[in-house]
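Read top to bottom, the protein sequences are chains A and B.
Heads up: the first sequence runs through residues 0 to 242, numbered per numbering that gives the first Met the number 0.
Heads up: the second sequence runs through residues 0 to 206, numbered per numbering that gives the first Met the number 0.
Hints are supplied without guarantee of correctness; some may be wrong.
[As the list claims (entries may be wrong)] Derived lysine to aspartate or glutamate pairs resembling EDC-like cross-links, with alpha carbons at most 20 Å apart:
(1) A:K57 - A:E208
(2) B:K122 - A:E234
(3) B:K118 - A:D128
(4) B:K100 - A:E208
(5) B:K142 - A:D199
(6) B:K136 - A:D232
(7) B:K142 - A:D202
(8) A:K33 - B:D181
(9) B:K136 - A:D128
(10) B:K122 - A:D232
(11) B:K193 - A:E208
(12) B:K122 - A:E99
(13) B:K100 - A:D213
(14) A:K129 - A:D199
(15) B:K74 - B:E173
(16) B:K34 - B:D132
(17) B:K185 - A:D213
(18) A:K214 - B:E173
(19) A:K96 - A:D232
Honestly, the hints are just simulated from the structure, not real lab data.
Just so you know, these numbers come straight off a predicted model, no measurement behind them.
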Amino acid sequence: MSRFFNQLLKSLLVFGILFLTACASIQQTERVAKVDPFERMNRAVFSFNETADAYVIKPVAEAYKFVLPEIVRTGVTNFFSNINDVLIAANNLLQGKPVEAASDIGRFLVNSTVGILGFFDVATDIGLDKNREDFGQTLAVWGVGDGPYIVLPLFGPSNVRDTVGLVVDIETDFMINTNKLNSDEKIAVNGLRIINRRADLLDAGQLLEDAAFDKYSFLRDGYMQRRRSQIYDGEPPPMKEDE
Amino acid sequence: MRASFLKAFLALPLFLMVNSFAFAQNTSTPDGLVKFVVEDVMTTIKNDKAIQSGDLRKINALVDQKILPHSDFQKTTRLSMGRNWSKATPQQQAQITQEFKTLLVRIYGGALAQVKDQKVQYKPFRAAADDTDVIVKTAVVGKGEPIQLDYRLEKGPNGWKVYDINILGAWLIESYRNQFNDQVSKGGIDGLVKFLQDRNTALSTNK
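Next comes chain A alone, as it looks inside the complex (with noise of 0.2 Å):
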């Protein structure tokens, strides 16, 4: 009796846990089911980086605001970006790009050299822009497609183009890959360019929690559309009228 109990209750249990999962994917509408099938999973990855980020990441990058001043935030800021302008490059040839391609090694050039090894950017005062490129928006040139959203631990939002852009972009990295540090020093390093980009966004943080509904779907839908924007440089075409 205590057996067939037993399995009543299991069976109860799995048809729960059925029901609840199919009561989740009713409430998604038909377009955010195509983009984020795995909402589920990716808001459970989302509140474990909220609260990595309240109680670790996001302190810290504070206490390093307060305590640098803004001169010497800025110039780490400069100074990372401009070893990512190789790789920008590196991008933009892969995209067949050549005159932007050009452009960024110039900008490494002149920065690297009159802007003291990058910490500060000459090279957008005399007119090189900076562009923004990885290897997620070259595979997206060579017409490999979004794929489903994705949020990934510590890294946040993506997708599964991304990701493999990410991973591609990590594998490449001038500071996690240099052997002229060792491991500790590139764990320092790192840490610091971690928390200096987080810093940056210290003032964003604010207005996104006030000018979300739903934090996560509103990251979602923001991640999407920036990304968009990048791949096409900031030309997208008009969106396909799908609602």
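Take the given structure of chain A and dock chain B to it, following the hints.
Showing chain B alone in chain A's frame:
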């Protein structure tokens, strides 16, 4: 002879004035209008200590006087609501538009208070003469990377009106589509109105 000389003398400054007005405020073109409003707003902020310190009443007055006359906020709200717009009564539509406006002014009003030494770069404007729906592209240049800020305008009976803005690649209306839709599917139109009211109350008591 003398009278006509006098006339010409008097008419000259008037002519110059009208002419320079036409150049300085060529608000009949969408890019001219955006430039006029942006420069007007930026100059006002830079000369107003109260706004710089975040005085909400003054920020609201600035938005009401200088920005809203050139925008079609009902269209912004209608498009953000998508299919749900027609489910709301005219009274609810007015309510939602008002609450959404209050929310956005509060959020972006804070950003206006941050205007100090930024400059706005106007990108080359491309549109056919008979276009009635256009995009004016700008970038806000301050410290760090330039911020992409584009305006979408529609030509109506009362001239060009801004109804959508793009910040860093994301359009406002597109960003709010799912936000509105989620609230409506959770609690209907009434639920959405209540949500917006609660959010605005929370924001006004928090700060």
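Tested hints:
no., hint, in the structure
1, A:K57 - A:E208, "holds (14 Å)"
2, B:K122 - A:E234, "holds (12 Å)"
3, B:K118 - A:D128, "holds (16 Å)"
4, B:K100 - A:E208, "holds (17 Å)"
5, B:K142 - A:D199, "holds (11 Å)"
6, B:K136 - A:D232, "holds (13 Å)"
7, B:K142 - A:D202, "holds (14 Å)"
8, A:K33 - B:D181, "holds (16 Å)"
9, B:K136 - A:D128, "holds (16 Å)"
10, B:K122 - A:D232, "holds (14 Å)"
11, B:K193 - A:E208, "holds (18 Å)"
12, B:K122 - A:E99, "holds (18 Å)"
13, B:K100 - A:D213, "holds (18 Å)"
14, A:K129 - A:D199, "holds (17 Å)"
15, B:K74 - B:E173, "holds (13 Å)"
16, B:K34 - B:D132, "holds (17 Å)"
17, B:K185 - A:D213, "holds (12 Å)"
18, A:K214 - B:E173, "holds (15 Å)"
19, A:K96 - A:D232, "holds (11 Å)"
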